[in-house]
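Listed here are the chains, written in short residue letters.
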Amino acid sequence: MSVLIYAENAEGKFKKSIFEAVSYARAIADQTHTSLVAVSIGNVSTADLAALGKYGAEKVLNVSNDKLKDFVNQAYASVIAEAAKKENADIVILSNSFSGRGLTPRIGVKLQAGIADGAVDLPQQQDGRFTVKKTAFSGKAFATVEISSANKVISLTPNSYKIVEKGGTAAIEDFSPEIKETDFKAMIKEIVRSADKVSLPDAEIVVSGGRGLKSPENWKMLEDLADLLGAALACSKPVSDAGWRPHSEHVGQTGIAVSPNLYIAVGISGAIQHLAGISSSKVIVVINKDADAPFFKVADYGIVGDAFEVVPKLITAIKQYKASA
Amino acid sequence: MKVLVCISNVPDTTTKITFTDNNTQFNTAGVQFILNPYDEIALARAIELTDGGNGSVTVINVGESNTEPTIRKALAIGATDAVRINAKPHDAWFVAYQVAQYIKGNPFDLILTGRESIDYNGSKVAGMLGELLDLPSVSIIKKLDINGDKATIEREIEGGKEVLTVPLPFVAGTAEGVAEPKIPNMRGIMSARTKPLQVIDPVEVKTFSEITGYKTPEPRGQVKLIPSDDPAKLVELLHAEARVI
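Residue numbers (our numbering), protein chains in the order written: chain A, 1 to 325; chain B, 1 to 245.
Hints are computed from structural coordinates only; laboratory data are not their basis.
C-beta: ideal position from N, C-alpha, C; glycine also.
Please note that a few of the clues may not be correct.
[What the hints assert, rightly or not] Just so you have them, the derived chain B footprint on chain A, three or more residues with Cβ under 8 Å:
| # | region |
| --- | --- |
| 1 | 2-8 |
| 2 | 29-42 |
| 3 | 72-84 |
| 4 | 93-99 |
| 5 | 237-251 |
| 6 | 296-302 |
| 7 | 313-322 |
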């Protein structure tokens, strides 16, 4: 028995959410006194692979077959399942990224494993029962999932588990499982990724705008605030429905669920559907000129005022704070 | 082209979520149920793709008779016919297994689901169907175009998108952007009553997971208001007190 963690890479690099997942997997392996093996698919440097040892991976299976250099859902799921079988892993961990969500269900079926997707905490293993806490109802509640199968797959919500550095380097082992030709039916034509922008599901800080901003031309100050804080940009549903901002920024019950350390909402009233998407935020700041806006009821800090006056002043205040820090 | 759209019956988005039976059951008292918003997008795209006599759209739901109003809504929006597998949707695996069994006896060129249901947010059914039927699956797509026997798809990734081609048949989970949800017109509403809705029995399958309890998030404390002319105070609090910057 062991734990396997799929270390997803983006253009050959591991992101913070992957180090979180390795730390999480390490803690699970420690719970049952078993080992942790990572599997990486694609072109990742030896140094980066070995560095997974810092977060507790004892070994990394390196799948560098050229056919697998770009993500192919069906093929990657087969590779990860083969890695699990090779390592006798009864628990498979993934980060609940967009790619992770495509892989988790297929791996679950291949391994006849119960799945806890979007976990927010370590599993509880007591009295022979294995339970995991995850969010439900699009962030309006939590659910405890009990997995009864021998094999288990857990996908971890980004920014839910703190990275733990244990020090050490992982051994690297080349792994080349047989993959069916029919696993390669989907073919990538193009990948479009802006490397400089912070991705919303992973973001530690989010700056979000609503209808109170009145028009898309007024987003510059939010972009400036986000840049200053290293934050991702988000918006409410009416804003993305109106085409002011892309759907990928829509946070809410029918958009993205975020779990940042800090969520700054500007000109958003706080409808129940929007609140669902941000309920896992650690600290919420609301800036709105309407003192009765429902959002203030769930805010930790608030400023009642005109966004067009408050945000520029806030930007100045942050610049001053950074200069003096 | 024969399209299958998997639909689920979910609490409407304004619902305040509460639990009963010692926090082990979702409290359905007074709750309005709707067609899952992402499934509406899948259905709209399926109707667009088969428009003008270019095929059919079957909707399938795993649920008990309480889901029939939602199924009729899907028929009113424009689905050709419907199937209800008469069972409580225990979890995504149970649902996917039932639907896969149906598909094995009734093949389709394209199988769509919403990217996730807004009650359990699993994003699992599309991938499970793909695996059970040995078909490619793409979860969370933003764009779907079909040219003959091949599809060009845009898939959401962190900070961008991926463009890929997939041969039919395949499974995909639709997100916002694939299509605008369709509002049923009068003719649709009238015809929904007589369009075929077949009810079939579920097959036995072992399940691997169960939700044993729920919790509502802890209510947050009172908001600390900062005067609008003193944003430096907010910065100080975020740094020294909240420790988030």
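Status of the hints after comparison with the structure:
Using a Cβ-Cβ cut-off of 8 Å, 0 residues of the region 2-8 of chain A lie near chain B, which falls short of the minimum of three, so the contact claim is violated. A stretch counts as covered by a chain when three or more of its residues have a beta carbon under 8 Å from one of that chain; for the region 29-42 of chain A and chain B the count is 0, and the coverage is violated. Given a C-beta distance limit of less than 8 Å, the hint that chain B covers the region 72-84 of chain A holds, as 3 residues qualify and 3 suffice. With a cut-off of 8 Å between beta carbons, the region 93-99 of chain A has 3 residues touching chain B; three or more are needed, and the interface restraint holds.
For the region 237-251 of chain A, the stated coverage by chain B is satisfied: 4 residues place a CB nearer than 8 Å to a CB of that chain, which reaches the threshold of 3. Check result for the region 296-302 of chain A against chain B: holds, 7 residues qualifying (beta carbon to beta carbon below 8 Å, three or more required). With 7 residues having a Cβ less than 8 Å from any Cβ of chain B, the region 313-322 of chain A passes the three-residue criterion, so the hint holds.
Checked against the numbered hints listed earlier, the structure breaks hints 1, 2; every other hint is satisfied.
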